[in-house]
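Undergrad: Sequence:
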Amino acid sequence: KKKKKSGKIMVKFKEDGNRCVLEVNDTGVGFPSDIEPDQTDSLGLQLVTSLTQQIGGKLELERSPRTTFRITFEEKKVDKS
Numbered sequence: 001k002k003k004k005k006s007g008k009i010m011v012k013f014k015e016d017g018n019r020c021v022l023e024v025n026d027t028g029v030g031f032p033s034d035i036e037p038d039q040t041d042s043l044g045l046q047l048v049t050s051l052t053q054q055i056g057g058k059l060e061l062e063r064s065p066r067t068t069f070r071i072t073f074e075e076k077k078v079d080k081s
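Residue numbers for the sequence shown follow this note's numbering, beginning at 1 and rising by one.
Be a bit skeptical, because a hint or two may be false.
Computed cross-link-like contacts, DSS-like style, restricted to lysine-lysine with a CA-CA straight-line distance of at most 27 Å [to be verified]: (1) 8 with 77; (2) 76 with 8; (3) 14 with 80; (4) 12 with 58; (5) 76 with 58; (6) 58 with 77; (7) 14 with 58; (8) 14 with 77; (9) 12 with 77; (10) 2 with 76.
So the derived label-pair ranges between C-beta atoms look like this [what the hints assert, rightly or not]: (11) 18 with 50: 20 to 26 Å; (12) 78 with 5: 21 to 27 Å; (13) 32 with 80: 23 to 29 Å.
If you're looking for bench data, these hints aren't it; they were derived computationally from the structure.
Beta carbons: idealized from backbone N, C-alpha and C, even for Gly.
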């Protein structure tokens, strides 16, 4: 019986002044080099791209050594009145 490899998903969130960075990466097979996140039929990536645009953020993708999606955006203060 073959042992299944277990993958890992890592989520990081950091604040730097009024800038926020959300990073998600995994140890999976990687993201295909011929697919761009903003030009895909994948509903999940379309949602991520759309939501990133709505908050005025920037979406970056690193493909190696592991796939990393990074969303950078400015923290917005909410008027509580």
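Undergrad: Please go over all the hints and tell whether each is borne out by the structure.
TA: Here is how each hint holds up against the structure:
Pair hint residue 8 plus residue 77 does not hold up; C-alpha atoms about 34 Å apart against a cutoff of 27 Å. For the suggested pair residue 76 and residue 8, the alpha carbons sit about 31 Å apart, so the restraint of at most 27 Å is broken. Distance check on the hinted pair: residue 14 and residue 80 sit about 24 Å apart at the alpha-carbon level, within 27 Å; holds. Proximity of residue 12 to residue 58 is assessed by CA-CA distance (about 16 Å); at most 27 Å being required, the pair is judged to hold.
Distance restraint check for residue 76 and residue 58: the Cα-Cα separation of roughly 15 Å lies within the 27 Å cut-off, and the hinted pair is therefore satisfied. Of the pairs offered as hints, the one joining residue 58 and residue 77 holds, with about 19 Å between alpha carbons and a cut-off of 27 Å not exceeded. Straight-line distance between C-alpha atoms of residue 14 and residue 58 comes to about 15 Å, which keeps the hinted pair within the 27 Å bound. Restraint check for residue 14 and residue 77: the C-alpha separation of about 17 Å stays at or below 27 Å, so the hint holds.
Our distance criterion of 27 Å between C-alpha atoms is met by residue 12 and residue 77, whose separation comes to about 22 Å. Using a Cα cut-off of 27 Å, the hinted pair residue 2 and residue 76 is violated, with the two alpha carbons roughly 50 Å apart. Distance hint for residue 18 and residue 50: a CB-CB separation of about 23 Å, consistent with the stated range 20 to 26 Å. Separated by about 43 Å at the C-beta atoms, residue 78 and residue 5 break the suggested range of 21 to 27 Å.
The hinted window of 23 to 29 Å between residue 32 and residue 80 is violated, with their beta carbons roughly 44 Å apart.
Of the numbered hints listed earlier, those contradicted by the structure are 1, 2, 10, 12, 13.
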